[in-house]
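Asker: What follows is the residue order along each chain.
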Amino acid sequence: MKRALSLVFILGLAVLLLYVVGNMPSMGDPQNPTASHVSPHYLERGVEETGSENAVTSVIINYRGYDTMGEVTVIFCALAGVLAVLGREKKGRIYAYTDHSKVRSSPIVRTFLIFLVPFIIMFSVYTILHGELAPGGGFQGGAVIGASMIIFTTIFGLWEASKSIPQKLRIPLEGTAVMAFFVVGVAGLIGGGSFLTFLMPRVTESLQPALVTWLTVIVEIGIGVGGAMIFTSILFSMIREEEEIVVQ
Amino acid sequence: MSTALNITLIVLLVVTALLATFSKDLLAAVIIFSVYSLIMALMWQRLQAPDLALTEAAVGAGITAVLFIVTIFKTWRREEE
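In order, the protein sequence lines correspond to chains W and E. Taking the working numbering as reference, the numbering of the first sequence is continuous, increasing by one, and the terminal residue is 994. Taking the working numbering as reference, the numbering of the second sequence is continuous, increasing by one, and the terminal residue is 132.
If you're looking for bench data, these hints aren't it; they were derived computationally from the structure. No residue lacks a Cβ here, since even glycine has one placed at the ideal position from N, Cα and C. Treat the hints with caution; some may be incorrect.
As the list claims (entries may be wrong) - Selected chain E positions facing chain W (in silico; Cβ < 10 Å):
#: 1; residue: Asp-76
#: 2; residue: Leu-77
#: 3; residue: Ala-79
#: 4; residue: Ala-104
#: 5; residue: Leu-105
#: 6; residue: Thr-106
#: 7; residue: Gly-113
#: 8; residue: Val-121
#: 9; residue: Thr-122
This is chain W alone, in the form it adopts within the complex:
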């Protein structure tokens, strides 16, 4: 009975959703409401208003800055939740490399990884700094740094990884994503505009393009560094217990 009812409910929902999808404007149609009002403005005025050649970056960082600020805050809150439940890896305890797997990772993997990780980090720095002009940006670059730290940790263990990014360095840097957004937002208020404006009325015309570019770069770097540290901290806090031994 319950199964039949849920099946009927799911079928009804599917029919409803398919009906709605059928009534949506077709994809890529130039007559779409989304393509006829906002998009032309972004594409035509984007470069002069936000100073970034990449339309996606200009929308994410500038036109919809509030949205991105909220997302960054959500990731920060996720880290806060993980730390509240699991706790941070403790200072004053010794991390030992305890390998629980039957097969130790081979020297080939270890040697290859030592060569690979710097290139991954170089690629992510390129993604962060070049986000204005090319696809990519702060969040993508930060996620790639986080992923490189995850690979490093899975092969070399928490002890080696937390030596290369110590807790002292991570704690202040975790908040940089949110901080960068708020600092840039308040800078907009000081410059005479509204919160998160990049075009400031109090700044002379000739300085505007440089100012907009630098504010974008600050936000990108902030999101990148903050995101990387947050992902690394979440992983360290999740795997810490197996690899900690208390000094008696």
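Guided by the hints, dock chain E onto chain W, whose structure is given.
Answerer: Below, chain E without anything else, positioned relative to chain W:
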């Protein structure tokens, strides 16, 4: 050619999604899920959204998979009937 590729990608996407949902071995489910993310990244690239493709490949296939695997090793690997 491009239509054939699109159809292949969508079929693979649906197959991996179903396999990840119905797999009783959670580790296998996570690995299939990261394959799903990689196919999704290819789809984003084909839909001309390289930003999303980068994010999907790094977060979906890389970070979430590892976090799920860590969680599985802290709990149980098999789903109970």
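Asker: Each hint: holds or not?
Answerer: Against the structure, the hints come out as follows:
1. Asp-76: violated, 18 Å
2. Leu-77: Cβ of E/Leu-77 sits 16 Å from chain W, so the hint is violated.
3. Ala-79: Hint on E/Ala-79: violated, closest Cβ of chain W at ~17 Å, above 10 Å.
4. Ala-104: holds, 8 Å
5. Leu-105: holds, 4 Å
6. Thr-106: holds, 5 Å
7. Gly-113: This hint holds: E/Gly-113 lies near chain W, its Cβ roughly 4 Å from the closest one there, short of 10 Å.
8. Val-121: holds, 5 Å
9. Thr-122: At 7 Å from the nearest chain W Cβ, E/Thr-122 passes the 10 Å test, so the hint holds.
Hint compliance for this structure: hints 1, 2, 3 are broken, all remaining hints hold.
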